[in-house]
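Sequences and hints are given; from them, build the entire structure.
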Amino acid sequence: METTSLINSLIAKEIELAIAEKEKKIKELEIASDKGSIGDMKWFCERTGMSANPAKDRILYPFRKELEGKLVKYPESSGSKWQFNKFLVNQWITENFERW
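Sequential numbering from 1 applies to the sequence shown in the numbering used here.
As a list, the in silico DSSO-like pairs of lysine-lysine whose alpha-carbon atoms are at most 27 Å apart:
{"no.": "1", "residue 1": "70", "residue 2": "27"}
{"no.": "2", "residue 1": "56", "residue 2": "81"}
{"no.": "3", "residue 1": "42", "residue 2": "27"}
{"no.": "4", "residue 1": "27", "residue 2": "86"}
{"no.": "5", "residue 1": "86", "residue 2": "73"}
{"no.": "6", "residue 1": "86", "residue 2": "24"}
{"no.": "7", "residue 1": "42", "residue 2": "24"}
{"no.": "8", "residue 1": "13", "residue 2": "27"}
{"no.": "9", "residue 1": "42", "residue 2": "81"}
{"no.": "10", "residue 1": "35", "residue 2": "81"}
{"no.": "11", "residue 1": "24", "residue 2": "13"}
{"no.": "12", "residue 1": "56", "residue 2": "86"}
{"no.": "13", "residue 1": "73", "residue 2": "56"}
{"no.": "14", "residue 1": "70", "residue 2": "35"}
{"no.": "15", "residue 1": "35", "residue 2": "24"}
{"no.": "16", "residue 1": "25", "residue 2": "42"}
{"no.": "17", "residue 1": "35", "residue 2": "65"}
{"no.": "18", "residue 1": "86", "residue 2": "25"}
{"no.": "19", "residue 1": "56", "residue 2": "70"}
{"no.": "20", "residue 1": "70", "residue 2": "81"}
{"no.": "21", "residue 1": "86", "residue 2": "22"}
{"no.": "22", "residue 1": "35", "residue 2": "22"}
{"no.": "23", "residue 1": "56", "residue 2": "42"}
{"no.": "24", "residue 1": "65", "residue 2": "86"}
{"no.": "25", "residue 1": "73", "residue 2": "27"}
{"no.": "26", "residue 1": "35", "residue 2": "73"}
Label-pair ranges, simulated between beta-carbon atoms:
{"no.": "27", "residue 1": "8", "residue 2": "61", "range": "52 to 58 Å"}
{"no.": "28", "residue 1": "61", "residue 2": "30", "range": "26 to 32 Å"}
{"no.": "29", "residue 1": "62", "residue 2": "19", "range": "37 to 43 Å"}
{"no.": "30", "residue 1": "6", "residue 2": "65", "range": "54 to 60 Å"}
{"no.": "31", "residue 1": "4", "residue 2": "99", "range": "47 to 53 Å"}
{"no.": "32", "residue 1": "10", "residue 2": "65", "range": "49 to 55 Å"}
{"no.": "33", "residue 1": "24", "residue 2": "3", "range": "28 to 34 Å"}
Hints are computed from structural coordinates only; laboratory data are not their basis. Glycine included, each C-beta is placed from N, C-alpha and C at the ideal position.
Listed below in structure tokens is the structure:
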């Protein structure tokens, strides 16, 4: 009986490790797929979990000096579109989450 319990426990641990490895690989592939990709305001809002106005007020305008250029292309006029370098913005969000 103890042997069966031990075997079941080991199998469960192996399954947990395999799932964790697959989840890590999926995350790596998602990040890699963003390299060279350009996002719009809808993408940025989904990524931050905010609607457009709070995202602008809490992140995009206060950190403009850091973001403008390689990470974010700010609209040149009212009605122009926002553009985001997905890979670099994802990195910045991860590294600076506590700041906003």
